[in-house]
Amino acid sequence: MGGVRFFLGAFLALFLVGVIVALPGAALPHWRAAYGVGEGVSAFFLALLLGLLLGVRLARGEGRHPLLPGALLLVALAFFGLALAPSFPVVVGLAFLLGLGEGVMNVHGNSLVGELDPGRRVELVNRANVGFGLGAVATPLLLTYLPYPLALSLMGLLALGAGLLLWGAPRVAGRKAEGGGRVLPFLLLVGLYTGLEGVLAAWNRVWLEHLGRSTAWGGVLLGLYWLGLSLGRLLLARRVAETPLLVLRRLLLLVVLLLSLNLFPPGAYLFPLVGFLLGPFFSTLFALVQARFGHRALPSLFYAGAAGSTLLPALFALLPPEGLPLGFLALALALLGLLPLAERKDHA
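Residues in the sequence shown are numbered consecutively from -7, following the numbering used here.
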């Protein structure tokens, strides 16, 4: 019964990570109206990043209790504070707490799920990360259809509930289940994957508009892309768990095919299917690294992911619109080319 409780708590923690990631874009209209903020919103992102980096660093330790419930308590306080914040500098200060909690919740939430049943690690980590996608999808809807203070207060209550579920969670196993090999190929793969995921989310809409598609259509396809990422983790989890890296290679081959079709106007509508096929990628790599290298290697994955998800989308800003689909395709091919480096070291 404890395993079910801890899985549910971790699922909710990862749901809240998705909420935090989606929060700035969803809350920006309210911040503009309530605080008159413009370019100053960049301070929110900086504070969030600093908190995130510190949280991931703290998460390297062997302890989980009370670190994970404590992180959820911080996030709950931050959400309650955001609901009542009198000024934008207060919002910025609370962003640091959100980032701090996010870093710990992301590392330890995934790590805890991976230790509940090592034989089903790949499947369980993928299923738990469905929560992240649901949180990212739900946040804009909640902030659109509920009053801003109410929506954030509900998130605060959810964080408190998740913290209670995770109270008493065991310490990190701290052992290397398999050991050996090098973690670098996995870090490169995670950096490229998060880069491709972020690049598609940020720039495929620009490509669609270049093809003459409406802004509304771009928004619909982007929402379906994020939903596809969650559905991929949910529906492909068991299949990927059977032969993880072999299935990832086959999924990437399909991604390359779809991104090739993206070069042609009708093929651009297939964009959400790319999200579905990429869905299990990060969770599967996380589970494999946890199995081979133990808990202390896991924060490196999040550093690699943070670098890829920020630097690669920034580089794509230098491309003309007509060069975007070739850039997408090049990133997918690079992922496919690097995957054998990990396959030679892990045949699970």
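Honestly, the hints are just simulated from the structure, not real lab data.
Just to be clear, a hint being listed does not mean it is correct.
[What the hints assert, rightly or not] Label-pair distances were calculated between CB atoms; the ranges are:
id, residue 1, residue 2, range
1, T136, S34, 20 to 30 Å
2, V82, L149, 31 to 41 Å
3, L156, L333, 36 to 46 Å
4, P78, E234, 48 to 58 Å
5, A309, G111, 43 to 53 Å
6, V(-4), F256, 39 to 49 Å
7, G259, R52, 38 to 48 Å
8, F256, P312, 25 to 35 Å
The beta-carbon is built from N, C-alpha and C at its ideal position, and this holds for glycine as well.
* Asked: Regarding F256 and P312, is the given constraint of 25 to 35 Å on their beta-carbon distance met?
  -> violated (18 Å)
* Supplied distance hint 39 to 49 Å, evaluated on CB atoms of V(-4) and F256 -> Check passed, 47 Å falls within 39 to 49 Å.
* To do: Check the following: the C-beta atoms of A309 and G111 are separated by a distance inside 43 to 53 Å.
  => holds (44 Å)
* Range agreement (Cβ of L333 with Cβ of L156, hint 36 to 46 Å) -> holds (42 Å)
* If you check the beta carbons of P78 and E234, does the distance land in 48 to 58 Å? -> holds (54 Å)
* Indicate whether the distance between the beta carbons of V82 and L149 respects the range 31 to 41 Å. => For V82 and L149 the Cβ distance comes to about 20 Å; the hint is violated.
* Confirm or reject the claim that T136 and S34 have a C-beta distance inside 20 to 30 Å. => Holds - the Cβ-Cβ distance for T136 and S34, about 24 Å, lies within 20 to 30 Å.
* Asked: Is 38 to 48 Å right for how far apart the beta carbons of G259 and R52 are?
  -> Given a distance of about 43 Å, which is inside 38 to 48 Å, the answer is holds.
When the structure is compared with the earlier hints, violations turn up for hints 2 and 8 and for no others.
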